[in-house]
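Chemist: If you want the building blocks of each chain, they are given just below.
4 protein chains.
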Amino acid sequence: MANSKYEYVKSFEQPDVLLPNTWIVVRIDGRGFHKLSDRYGFIKPNDRRALDLMNAAAVEVMKELPDLCIAYGVSDEYSFVFHPSCQLFERRSAKLVTTIVSTFTAHYIYQWGTYFPSTPLQPPYLPSFDGRAVLYPTTRILRDYMSWRQVDCHINNLYNTTFWTMVQQGGMSNTDAERELQGTVSSDKNEILFKRFGINYNNEDEIFKKGSVVYRQYQLEDPKLESKSKHGDDDEAPVDESKTSKSQQDKLRKLRRKAQVVVDHVDIIKDEFWERRPWILSGKPGKLPEA
Amino acid sequence: MANSKYEYVKSFEQPDVLLPNTWIVVRIDGRGFHKLSDRYGFIKPNDRRALDLMNAAAVEVMKELPDLCIAYGVSDEYSFVFHPSCQLFERRSAKLVTTIVSTFTAHYIYQWGTYFPSTPLQPPYLPSFDGRAVLYPTTRILRDYMSWRQVDCHINNLYNTTFWTMVQQGGMSNTDAERELQGTVSSDKNEILFKRFGINYNNEDEIFKKGSVVYRQYQLEDPKLESKSKHGDDDEAPVDESKTSKSQQDKLRKLRRKAQVVVDHVDIIKDEFWERRPWILSGKPGKLPEA
Amino acid sequence: MANSKYEYVKSFEQPDVLLPNTWIVVRIDGRGFHKLSDRYGFIKPNDRRALDLMNAAAVEVMKELPDLCIAYGVSDEYSFVFHPSCQLFERRSAKLVTTIVSTFTAHYIYQWGTYFPSTPLQPPYLPSFDGRAVLYPTTRILRDYMSWRQVDCHINNLYNTTFWTMVQQGGMSNTDAERELQGTVSSDKNEILFKRFGINYNNEDEIFKKGSVVYRQYQLEDPKLESKSKHGDDDEAPVDESKTSKSQQDKLRKLRRKAQVVVDHVDIIKDEFWERRPWILSGKPGKLPEA
Amino acid sequence: MANSKYEYVKSFEQPDVLLPNTWIVVRIDGRGFHKLSDRYGFIKPNDRRALDLMNAAAVEVMKELPDLCIAYGVSDEYSFVFHPSCQLFERRSAKLVTTIVSTFTAHYIYQWGTYFPSTPLQPPYLPSFDGRAVLYPTTRILRDYMSWRQVDCHINNLYNTTFWTMVQQGGMSNTDAERELQGTVSSDKNEILFKRFGINYNNEDEIFKKGSVVYRQYQLEDPKLESKSKHGDDDEAPVDESKTSKSQQDKLRKLRRKAQVVVDHVDIIKDEFWERRPWILSGKPGKLPEA
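Going down the list, the protein sequences come from chains A, B, C and D. Start counting the first sequence at 265; every next residue gets the next number (the numbering used here). Start counting the second sequence at 265; every next residue gets the next number (the numbering used here). Start counting the third sequence at 265; every next residue gets the next number (the numbering used here). Start counting the fourth sequence at 265; every next residue gets the next number (the numbering used here).
Hints are computed from structural coordinates only; laboratory data are not their basis. All residues carry an ideal CB built from backbone N, CA and C; glycine is no exception. One should not assume that every hint holds.
[Unchecked claim] Pairs of lysine-lysine, DSS-like flavour, derived with a Cα cap of 27 Å:
1. K327/A <-> K359/A
2. K299/C <-> K518/D
3. K359/D <-> K274/B
4. K534/A <-> K269/B
5. K269/D <-> K453/C
6. K269/C <-> K453/D
[Stated by the list, open to error] Across the chosen pairs, the derived CB separations fall in these ranges:
7. K518/A <-> G434/D: 52 to 60 Å
8. G447/D <-> M436/B: 46 to 54 Å
9. K515/B <-> V530/A: 28 to 36 Å
10. S511/D <-> G377/A: 53 to 61 Å
[Claimed, not checked] Among the chain C residues that face chain B by a calculated CB cut under 10 Å, a handful are:
11. P284
12. T286
13. T402
Work out the full structure, taking the sequences as your base and the hints as a guide.
Modeler: See below:
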């Protein structure tokens with residue numbers, strides 16, 4: 265029995281190759297995590313276990329896909345970044361996005377018990393994630409995207425910290441706290457925290473204030489030496505690398521697998537982070553740290 | 265600190281809404297399952313535990329998304345079908361695909377221990393799945409797609425059954441078995457099985473020969489009454505339903521949640537399956553079976 | 265000097281193949297025709313010369329592209345319809361749309377002098393058109409699209425006829441006429457025309473009331489015989505034809521070239537037009553009229 | 265009569281907005297110009313009248329669309345370039361492409377008689393053009409695209425010049441000339457021209473060797489001053505300008521309309537052309553030449 269009679273249906277599959285030489289960001293988000301965080305008793309405003317579990321899953325995704333150059337996570341979302349020169353899966357959008365979403369989900373579910381030992385998963389209410397790919401044509405815009413997420417982390421965390429302190433320590437109702445915070449700016453919230461509750465927001469955990477940055481660790485470079493060549497990368501490097509052969513790409517992947525994947529809670533808006541870790545934006549592996 | 269400075273990056277997100285009034289098939293595939301089936305000692309040519317786990321995960325996806333009207337699974341792949349009238353997630357492709365992939369993965373990982381009690385998962389080698397959406401503009405073509413997958417199931421299973429019987433029972437090397445089977449047609453393989461090993465392929469398990477069909481169960485209809493109205497669905501029903509209000513859609517979802525999701529191993533190429541279960545192609549819930 | 269150094273730029277070209285087996289409508293619109301109609305003194309509310317020129321250009325497009333099965337024009341817009349089985353230019357969207365736009369423009373400019381002998385074109389203010397392709401998955405929806413355009417023609421023409429009669433024959437200012445017509449329904453406008461100006465709208469030219477339908481003429485069929493098989497076309501015919509070989513397609517094109525392209529001003533909302541001309545929706549040439 | 269019953273068909277129109285902040289190249293090509301050049305007796309290998317007509321049409325397109333920053337033409341093709349900051353028609357692909365194709369076609373047909381006074385157009389065989397949009401994410405790649413076209417111009421022109429000289433002056437058959445040229449490199453062709461026919465290829469017309477570059481003329485800048493800031497444009501300028509308001513964009517358009525559109529036949533592969541005309545890549549109008 266041949267299958268040729270029905271095989272014409274394959275012609276309905278349409279290509280979804282992403283524009284070459286552009287940054288690819290795959291952002292995933294927890295599905296219905298508001299409800300889910302209630303069900304599993306996540307601590308407000310930040311549950312360290314939940315964030316550590318997100319980071320553990322993200323680290324596994326980074327290890328599984330050496331083509332990824334950096335990831336940034338906050339709350340129940342994570343952004344994974346492929347370099348413009350990335351050729352993985354011929355840059356097919358659905359393949360890239362679903363591979364990340366599925367790998368992340370698998371590790372999140374598998375490691376749940378490690379981070380929530382006394383709160384078993386309750387099927388059918390399992391955590392899951394959706395995701396999508398977005399293209400950014402230049403390094404400047406990619407960095408603005410990363411800054412956008414980190415500023416968002418700060419804004420949300422300051423709000424949530426203040427709100428939940430007013431509720432939990434101040435005994436206010438959710439509605440009252442919400443109403444009082446409406447229209448306030450950062451300095452207002454800092455003042456509420458400090459004056460009423462003696463809390464200095466600056467002393468809050470960095471993971472809450474900055475989110476989590478995941479990348480491969482090489483020897484840090486001296487920012488001064490680096491700074492003069494920081495521009496022009498867009499125009500030169502990606503093109504060269506997009507022409508790299510399959511075997512060269514495999515070699516690069518092997519090199520990247522040797523690097524340790526680390527989780528950091530640092531500023532990624534200013535230049536310093538990027539200048540000291542030029543391998544992230546260049547797409548070229550750095551020097552492994554000496555033992 | 266306002267975020268407006270960076271918010272322009274949102275303008276790079278591009279819409280991916282699927283053409284209205286067309287069938288949406290989301291097909292997911294196990295990533296690297298050839299290697300994975302070796303690692304976890306899947307039985308050749310078919311591991312009933314692995315298929316049951318696939319089906320269990322698919323059932324949960326069907327329950328989670330009442331907009332799905334049918335799913336078909338074979339080996340490490342599963343096709344999930346949304347009706348042309350589906351408005352879920354405004355028909356955004358990435359959202360539909362990643363939701364299915366992630367929900368499926370979550371349940372697959374979570375239920376692994378139930379189906380493989382003595383073979384624990386070995387991180388980082390966790391099962392994962394990729395996926396994509398394909399559009400089919402008419403019911404005829406959707407049915408041809410389903411037929412394509414089931415014919416493929418048959419072709420592969422007959423080959424694999426013969427191959428592994430030659431190797432496992434006949435003591436042949438993989439290479440020798442492969443060489444002998446090259447160029448053979450179905451009747452040749454049936455004969456090898458029967459004459460050499462006394463195996464009647466027709467007696468093999470239906471789940472292996474037919475794959476697995478997952479759908480909501482209502483009262484079966486008399487095919488004769490149904491047959492005369494089987495055409496014209498494409499032209500009428502979807503349009504009507506695409507205009508259904510949000511509240512009507514929610515009502516439909518509730519109705520669908522009441523139906524039992526069943527797993528069947530039957531022919532879906534001939535008309536009978538579809539004529540007796542008109543709710544699958546019409547997108548309108550049937551009558552719940554009486555208690 | 266080889267060109268290989270730069271040829272990588274070709275990899276940035278992305279495919280734009282339209283989903284198979286769906287109706288393709290290419291709608292083109294005059295660019296800035298409001299201003300242009302003032303510049304060239306088009307008669308209000310309808311300039312027969314301008315419409316005839318549009319139709320003449322559309323007929324040439326239909327002759328040039330035998331794959332087109334019907335076209336419908338009103339005012340400065342024209343919709344050209346490709347059958348679901350169309351394989352022209354591998355269904356590449358930009359190629360289909362620009363070919364129609366350019367061919368239409370060429371004939372419009374070339375024949376301008378024939379229809380406006382005393383109003384020469386004044387460069388750089390030349391007429392031009394933009395266009396786009398839209399997919400319709402079923403015959404029902406394609407017909408609804410055609411009905412939408414013809415109803416639009418009727419609504420606009422009744423409004424414009426009433427408005428310009430009030431201004432031109434009634435001596436009202438544009439603003440006053442506009443104000444009076446605001447919120448009126450069809451019967452109100454009919455009454456204004458009849459009571460104040462003795463004009464029976466039904467007696468207006470069909471080309472103004474119905475727009476222009478362009479198609480290949482074959483022997484009309486008896487609607488009664490046809491009616492019972494009018495459904496099901498979507499499911500059967502297109503698939504068969506999408507599998508037709510290149511040579512069969514060429515043969516079909518030759519047959520279609522033999523048919524006369526006619527311009528009609530008739531109702532295309534009711535079934536009769538389509539039932540008597542089954543070749544339009546079936547995509548299969550009819551019988552040539554006997555001499 | 266309301267139109268609401270059919271208006272749902274509008275929901276089938278899908279967005280085609282091009283990725284922000286990337287170069288847009290719309291390349292148009294003559295349809296069937298090989299045959300057409302025979303029909304209208306174009307001179308081989310280059311017909312100056314045909315090229316001048318192409319250039320005249322391109323100049324009108326540039327004038328009509330001040331958002332275009334440069335265009336390059338060779339043979340029957342023309343590439344029109346929009347700056348990454350371009351917001352015209354909300355960057356809708358079909359709208360941008362069809363507007364250029366239609367405007368170009370209109371002027372080509374209208375001015376035909378000026379360039380071919382003794383060769384009137386023979387309907388229905390009118391010249392027409394197809395077109396498509398391609399995105400280039402960085403200035404480096406855009407320049408490589410332009411270089412690609414100009415190198416292609418050179419390669420084809422050297423071949424055609426040699427081939428037609430061998431046929432026209434050398435009395436060879438097309439087949440013989442083709443056979444002899446197979447596998448030859450540039451120097452071989454130069455030698456054939458020089459040794460056999462006394463033709464120094466360098467002395468051929470620049471328009472044939474270099475193609476035609478069309479742009480707005482401002483005061484040339486000193487390349488040395490410019491060179492140090494030539495990098496980094498990608499990262500900075502486009503983003504700033506994509507945020508420019510509608511009124512600022514209109515102002516820029518007015519400024520650009522004041523500049524003269526010129527046709528040049530010069531090298532655009534080396535840096536000099538671009539360094540002396542920084543307004544082309546910056547997207548910011550230069551200084552108008554003093555009177």
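Chemist: Next step is simple, just say for each hint if it's right about the structure.
Modeler: We went through each hint and held it up to the structure:
no. : hint                          : in the structure
1   : K327/A <-> K359/A             : holds (17 Å)
2   : K299/C <-> K518/D             : holds (19 Å)
3   : K359/D <-> K274/B             : holds (23 Å)
4   : K534/A <-> K269/B             : holds (14 Å)
5   : K269/D <-> K453/C             : holds (21 Å)
6   : K269/C <-> K453/D             : holds (21 Å)
7   : K518/A <-> G434/D: 52 to 60 Å : holds (58 Å)
8   : G447/D <-> M436/B: 46 to 54 Å : holds (52 Å)
9   : K515/B <-> V530/A: 28 to 36 Å : violated (50 Å)
10  : S511/D <-> G377/A: 53 to 61 Å : holds (59 Å)
11  : P284                          : holds (8 Å)
12  : T286                          : holds (5 Å)
13  : T402                          : holds (5 Å)
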